[in-house]
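Chemist: First to last, the sequence lines map onto chains B and E. As numbered in the working numbering, residues 44 to 507 make up the first sequence, in order. As numbered in the working numbering, residues 4 to 198 make up the second sequence, in order.
Hints in this document: simulated from the structure, not taken from any laboratory. For glycine and all other residues, C-beta sits at the position ideal for the given N, C-alpha and C. Just to be clear, a hint being listed does not mean it is correct.
Footprint (simulated), chain E over chain B, 3 or more residues, beta carbon under 8 Å [what the hints assert, rightly or not]: (1) 187-201; (2) 210-222; (3) 254-264; (4) 368-377; (5) 402-414; (6) 420-434.
Some chain E residues flagged as far from chain B (calculated, every beta-carbon gap over 10 Å) [as the list claims (entries may be wrong)]: (7) 87; (8) 101; (9) 187.
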Amino acid sequence: MAAPGPTHDGSRDREPPVIEGDYTFASVTDKISAIVLAGRSPRFWYVGFAVGFVLLQALLVSICYLLLRGVGIWGINSPVGWGFAIINFVWWIGIGHAGTLISAILLLLRQDWRTSINRFAEAMTLFAVACAGLFPLLHMGRPWFAYWMLPYPNTYGVWPQFRSPLVWDVFAVTTYATVSALFWFVGLIPDLATLRDRAERRFARFAYGILAMGWRGSAIHWHRYETAYLLMAGLATPLVVSVHTIVSFDFAMAIIPGWHTTIFPPYFVAGAIYAGFAMVLTLAIPVRRVYGLQDFITERHLRNMAKVMLATGLIVGYGYLMEYFVGWYGGGEYEMYMLNNRLTGPYATHYGLLLLLNIAIPQLLWSTRVRGSELALFLIAMCINVGMWLERFIIVVTSLHRDFLPSSWGMYAGTGWDWATLLGSIGLFLTLMFVFVRLLPMISIFEMRTLVAEEAKPAGGRQP
Amino acid sequence: MKGAALRGKGAAGRGAPERDVFGLLAELATPEQLLAASRATYAAGYRQLDAFSPAPIEGLAAAIGHPGRGRLAKTVLAGGLAGAAGGFLLQYWVAAVAYPLNVGGRPPGGWQSFIPVTFELTVLAATLAAVLGMLAWNRLPMPYHPVFNVERFKLASSDRVFLGVGSADPLFDLQATRDFLEGLDGVVGVYEVDY
Numbered sequence: 044m045a046a047p048g049p050t051h052d053g054s055r056d057r058e059p060p061v062i063e064g065d066y067t068f069a070s071v072t073d074k075i076s077a078i079v080l081a082g083r084s085p086r087f088w089y090v091g092f093a094v095g096f097v098l099l100q101a102l103l104v105s106i107c108y109l110l111l112r113g114v115g116i117w118g119i120n121s122p123v124g125w126g127f128a129i130i131n132f133v134w135w136i137g138i139g140h141a142g143t144l145i146s147a148i149l150l151l152l153r154q155d156w157r158t159s160i161n162r163f164a165e166a167m168t169l170f171a172v173a174c175a176g177l178f179p180l181l182h183m184g185r186p187w188f189a190y191w192m193l194p195y196p197n198t199y200g201v202w203p204q205f206r207s208p209l210v211w212d213v214f215a216v217t218t219y220a221t222v223s224a225l226f227w228f229v230g231l232i233p234d235l236a237t238l239r240d241r242a243e244r245r246f247a248r249f250a251y252g253i254l255a256m257g258w259r260g261s262a263i264h265w266h267r268y269e270t271a272y273l274l275m276a277g278l279a280t281p282l283v284v285s286v287h288t289i290v291s292f293d294f295a296m297a298i299i300p301g302w303h304t305t306i307f308p309p310y311f312v313a314g315a316i317y318a319g320f321a322m323v324l325t326l327a328i329p330v331r332r333v334y335g336l337q338d339f340i341t342e343r344h345l346r347n348m349a350k351v352m353l354a355t356g357l358i359v360g361y362g363y364l365m366e367y368f369v370g371w372y373g374g375g376e377y378e379m380y381m382l383n384n385r386l387t388g389p390y391a392t393h394y395g396l397l398l399l400l401n402i403a404i405p406q407l408l409w410s411t412r413v414r415g416s417e418l419a420l421f422l423i424a425m426c427i428n429v430g431m432w433l434e435r436f437i438i439v440v441t442s443l444h445r446d447f448l449p450s451s452w453g454m455y456a457g458t459g460w461d462w463a464t465l466l467g468s469i470g471l472f473l474t475l476m477f478v479f480v481r482l483l484p485m486i487s488i489f490e491m492r493t494l495v496a497e498e499a500k501p502a503g504g505r506q507p
Numbered sequence: 004m005k006g007a008a009l010r011g012k013g014a015a016g017r018g019a020p021e022r023d024v025f026g027l028l029a030e031l032a033t034p035e036q037l038l039a040a041s042r043a044t045y046a047a048g049y050r051q052l053d054a055f056s057p058a059p060i061e062g063l064a065a066a067i068g069h070p071g072r073g074r075l076a077k078t079v080l081a082g083g084l085a086g087a088a089g090g091f092l093l094q095y096w097v098a099a100v101a102y103p104l105n106v107g108g109r110p111p112g113g114w115q116s117f118i119p120v121t122f123e124l125t126v127l128a129a130t131l132a133a134v135l136g137m138l139a140w141n142r143l144p145m146p147y148h149p150v151f152n153v154e155r156f157k158l159a160s161s162d163r164v165f166l167g168v169g170s171a172d173p174l175f176d177l178q179a180t181r182d183f184l185e186g187l188d189g190v191v192g193v194y195e196v197d198y
């Protein structure tokens, strides 16, 4: 993309570059396409794929047994009728949001540093949404009737109830999945053409050729392409915010204490970006090492992502604080009990762990040294991944297990099948990511070429 | 970039010196040279032009005479409006006419509840319009194109840039156009594009 980026005067010298080393169109293309067209993958790939694939089998077994026996195999009961399924759904959708932010929002904000990570992040979004989409389907009592959620003319004369956030979710998640897939695929077309022209094996040429649809790099085509890409970025930006807002409405539009609060939409969206960037870092740090991509995914990228994580983490922390403030200020006894229960009740350890992982540990990111250390960033990102899952657990479970009527109170714990399905969904995600890394360029080649052209200009236009 | 209509078999017997070519393709070294060469070729009166590069180059489409008429943007707008209207009307019809339910005593046609789905369908329809519109206006998929017959052209997706002149251009002449292109700054080769 011909993104102008930061000014090319002296002020740019103070910032580290977005691409290091002396690259040309040819060498950038060589380096990235070599990962895909090479014969053998690094051992890390085989190990990672194996882990993901084994976990995927756990998912398949879990789904089969679920369809056979019903949702009773999970821990849900009265009063906690919504357990891991909704927690996992919100967790995965949240993770997906960082990819769209990097692809779309950073494009509109003309941030050059998005270029080397956006393909990878957008793929992560797509696979995260795929994992997320499983759970609303599976958690239905009769998943084979899932299509009843859609408005179609039927013999019963029945239509969906459009005032329900659960129906809004159907449209939001479907739209988000479709738009993410289209955005990702459109971004791939020129790179598929590159692979088509460079592949040695006949089947590879054929396959990439079909997908590239005959792209030939015509200037007229590029012009329309860039227009479409920019418009899609402009559409995806409000979409990201709206999707997680609608997901938050699943809770905010209910009446129980802890759920019925107006802070949920911004709190959820910030939390989503928080979790998402943590996942991008979790994946990017090992991948850049194993594939030697430090010149493209530079220290500056890691630092910027760490800063975004810190900022969104602070917003999430503000959300926690406001829950307490408003609960106390409003004086409602049920709200105050719920907040008290989180701190002192049966799930207090979970809540304590949540505060540690989500709020306390990420404060380390204030330190410049920590932001520059790959290991520290990786560990903090892992903490946030777990912490954000725990946050959804706390929201769902503490509000459901003790609401208005004490005689209805109960406890909830995930069963083995709950855990198997969660870990299995992680397996699905990993499998898809590793297949993606193997078959498609994980860094956008044509966008990196524009970066090379940009960096070359002040030096007097050295070119291939 | 358009090629002249193919002549029938009978033409060869009438002593026509040229065989059918789709056009000529000039390979250049840098995008800046391509931009300059395109402007020069356009200024010389050629109109059946196309330029090929592995990354988008600002100003190149305009240089070869395609300033862009905003057709795609209008397509996207139309798509978005269709999505919005369709989404809203669907919900209104379902909630007020086809299957009205008393949900918390709210009026059946209360538009406030319809906003989320309307918004989502707007974005969905606009995005589909953007993608399908871009592909349609670009006439893609088009797996075969005569420029692919040039052996060096496969570098157009890696690191080389090309300028093409179609034989349908009224000024096109195999030798004269070739000489003109070879005279441009930065040209490393001129190739004939077979059908």
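Chemist: Hints first: check each against the structure and report whether it holds.
Modeler: Evaluated hints:
1. Taking a C-beta to C-beta cut-off of 8 Å, the stretch 187-201 of chain B contributes 3 residues in contact with chain E, enough for the three needed, and the coverage statement holds.
2. Remark: the stretch 210-222 of chain B is confirmed as covered by chain E, as 8 of its residues place a Cβ nearer than 8 Å to a Cβ of that chain, reaching the required three.
3. Given a C-beta distance limit of less than 8 Å, the hint that chain E covers the stretch 254-264 of chain B holds, as 9 residues qualify and 3 suffice.
4. Chain E is given as covering the stretch 368-377 of chain B, and this is violated because 0 residues of the stretch bring a CB closer than 8 Å to a CB of that chain, at least three being needed.
5. Here the stretch 402-414 of chain B counts 0 residues with a CB under 8 Å from a CB of chain E, which misses the bar of 3, and the coverage is violated.
6. Check result for the stretch 420-434 of chain B against chain E: violated, 0 residues qualifying (beta carbon to beta carbon below 8 Å, three or more required).
7. Once the 10 Å rule is applied to beta carbons, residue 87 of chain E is consistent with being away from chain B; the minimum gap is 12 Å.
8. Under the 10 Å C-beta cut-off, the non-interface status given to residue 101 of chain E relative to chain B is violated; the minimum distance is some 6 Å.
9. With 10 Å as the threshold on Cβ separation, the claim that residue 187 of chain E sits away from chain B holds: the shortest Cβ distance comes to roughly 16 Å.
In summary, the structure is inconsistent with hints 4, 5, 6, 8 from the numbered list given earlier, while agreeing with the others.
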